[in-house]
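Engineer: These are the residues of each chain, in order.
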Amino acid sequence: MGLIDLLFGLKSFTHGIHPPYHKDTAGKPIRRLPFPSQLVLPLNQHIGKPAIPLVRKGREVVRGEPIAKADGHFSVPLHAPATGRVRTIELMPTPRGPKSDAIILDVYEGSTQEVLWKQPREMSDLSAEEIIRAIQETGMVGLGGAAFPSHIKLIIPEGKQVDTLIINGCECEPYLTCDHRIMLEHPKALIQGIHYAMRASGASQAVIGIEDNKMDAVEVLRGNLSKGSPVRVEAVETKYPQGSEKMLIKSLLNREVPAGGLPADVGVVVNNVGTLAGLGHLLPEGRGLIERVITVAGPGIVKPGNYLVPLGTPVRHILQQAGYEGARTEFILGGPMMGPAVSAMDTPLTKGTSGLLVLNEPSIEEESNKIWPCIRCARCVSACPMYLNPSMLGQMAAKRKYEEMAQDYHLNDCFECGCCSYVCPSNIPLVQYFRIAKAINREQAT
Amino acid sequence: MDIEIAQNVTIAILFMGVLGLLLSAMLVFADKKLWVFEDPRIDEIEGMLPAANCGACGNAGCRPFAEALISGKVSPAQCTVSSAEAISEIADYLGVESGDVVKRVARLACAGGNHVARQRARYEGLESCRAAAVVSGGPKRCSWGCIGLADCAEVCEFDAITMDHHGLPVVDAVQCTACEDCVDICPKGLFSIQPVDRRLWVACKNLEHGDAAENDCEVACTACERCVKDAPEGLITIQDNLAVVDYSKNGLPSPVATERCPTGAIVWLDDDLGPIKGVKAKRIVRNEALPL
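Those protein sequences? They're chains H and E, same order as listed.
If you use our numbering, the first sequence corresponds to residues 1 to 446, in order.
If you use our numbering, the second sequence corresponds to residues 1001 to 1292, in order.
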């Protein structure tokens, strides 16, 4: 909101950065990958309690069948992405780090892409509670990367009311194009999913926010909306981190989420386009989430593109299919700004993984890895979208004043977008410091 | 004219003098009226304490500990930083027993140096275990093991922790004051404060079983249960594929339990010789770091 909006009619937020976007795979249609011989399905692919396995060693499962159930309300079930036999349940590496229990599935060689297990349901006469229960049964989580259970997000806390559903089609991370392709190729499912989410949350209008480097998606979605629809499409400025929940609410509605608050505090629920397009597909058919679209890109990939990959596919298999080159490689799950690096090739693809990037040169040159002292240029201050003071926070982190950082400098409002580290001319790993500080504060609190 | 100046100056001096007298009288009055009795021994004892304010004794600092000493709530030996002479000096001063407190030290539940623990990736970034742990759990294949970037050595205020040439922290039992700083900083939770007389020690946290554990690290506990069978009944149990010693049965431990351990994950800690592995433990002759 400001000068840019007045001049060009483009909505945006203040601060933020413009990294090189590298959206080279935007023109590549979504393609399926063949099944790997073995799938690794961690039970904690989502935020919340891990799922409870329903199968034992040796059990045969068909594609789509539930193999783990939700442990209570704050959890989601898991479905078999391929027909095969359960080899075992054991500890396997996960993208989040610590090894955790995973169901290992030997895929039958003749396994087809046909989904053999589904329970179609009539959606038109379901109440809000029934839709939310059905969403939990699909095992859907936020596919943008957070992996937060979708049904929890759509339950509005008591005493609050939601008037607007925001659909996040920004995809502000460099390289990633999977949401872009979903908007282009599955606009009908997306709009269907938006209607379900509106009914579940009680929102009366919906706004799809799309960055202005994806005007083709804006056109396609506008073309698919009927006149008088409560859903509208808005283009927003291409800027990182436009796709962050709080930034997008500010850009589209000019509402500000209070510190430590939720979007529901300002009457908004935000969902990712991939999540809602998935719900549009899965809910009427009564299926579970068994595959997702990821962007495989980066200078080290031979055949970059957008691939529909079964959950649990090991990184190694994706790389074999797409091909990669270069000796000194760095593998990143998700976008380059916030995605974690992978340290094991048998790490499986999980529900929250939106991309696999291979950067074959060291992303920063060896020499510039050195950390120089802060020169107080305040570039980080003018980049921080949350209006924090990363420079001050960084100096306090060096002195281990973690509690003071949270109390006096609003450390907990930092959502680790990495803008401060990106702009720092002294190469100070600010966001890493803040992650450590937040982790230690969390541990001290318990 | 000169007289006028002299008068003004005199008045000013008199005024300030009277004001000063009045205010000092108020201070004297306040001092007498608001005076609180404080045991002079507190200052004395505080002087004898090391002024480390580490909190290892369970008090907020050295002065609260001195107060607790005088009220008889604690015994002098509970200060883990003071030397034996200093403790007996305090005990003599107060006329109490110095108390019999077993020295406690920080112990690391990992023996996976870079010559035995396999690395799965190269970590590049902030030289800190905490930062490395955030990036998919660190570069080691064992996601429970020591990362080896020396956060503990850096945080230790008593220089009790040094890194050996395999990238593992070594605790100097003499210097260690059991202040728990290393316990708090370790992202893998490998440090714990243990009384030195607990000599049977499982130096592993790997929750995997058998070959899977040994593939991660050559000195991992494989949960083979030999130590469970060799030790007196109930002393060692296997919990989550890891041997756990029940220290409440402190009269029972002996080096017998370590003898048949195939990897040497369970050790007998000797004051002079350090950790002693069992005779059946696989000998590690390699000295250099394992390749990636």
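Derived from the structure by calculation, the hints contain no laboratory data.
Some hints could be false.
[Claimed, not checked] Simulated DEER-style distance windows between Cβ atoms:
hint: 1; chain 1: E; residue 1: 1014; chain 2: H; residue 2: 378; range: 28 to 38 Å
hint: 2; chain 1: H; residue 1: 443; chain 2: E; residue 2: 1247; range: 43 to 53 Å
hint: 3; chain 1: E; residue 1: 1189; chain 2: H; residue 2: 345; range: 38 to 48 Å
hint: 4; chain 1: H; residue 1: 345; chain 2: E; residue 2: 1273; range: 34 to 44 Å
hint: 5; chain 1: E; residue 1: 1125; chain 2: H; residue 2: 375; range: 15 to 25 Å
hint: 6; chain 1: H; residue 1: 427; chain 2: E; residue 2: 1099; range: 44 to 54 Å
hint: 7; chain 1: H; residue 1: 72; chain 2: E; residue 2: 1125; range: 30 to 40 Å
hint: 8; chain 1: H; residue 1: 427; chain 2: E; residue 2: 1189; range: 23 to 33 Å
The beta-carbon is built from N, C-alpha and C at its ideal position, and this holds for glycine as well.
Engineer: Now tell me if each hint is right for this structure.
Structural biologist: Evaluated hints:
| no. | hint | result |
| --- | --- | --- |
| 1 | E:1014 to H:378: 28 to 38 Å | violated (56 Å) |
| 2 | H:443 to E:1247: 43 to 53 Å | violated (24 Å) |
| 3 | E:1189 to H:345: 38 to 48 Å | violated (27 Å) |
| 4 | H:345 to E:1273: 34 to 44 Å | holds (41 Å) |
| 5 | E:1125 to H:375: 15 to 25 Å | holds (22 Å) |
| 6 | H:427 to E:1099: 44 to 54 Å | holds (52 Å) |
| 7 | H:72 to E:1125: 30 to 40 Å | holds (37 Å) |
| 8 | H:427 to E:1189: 23 to 33 Å | holds (31 Å) |
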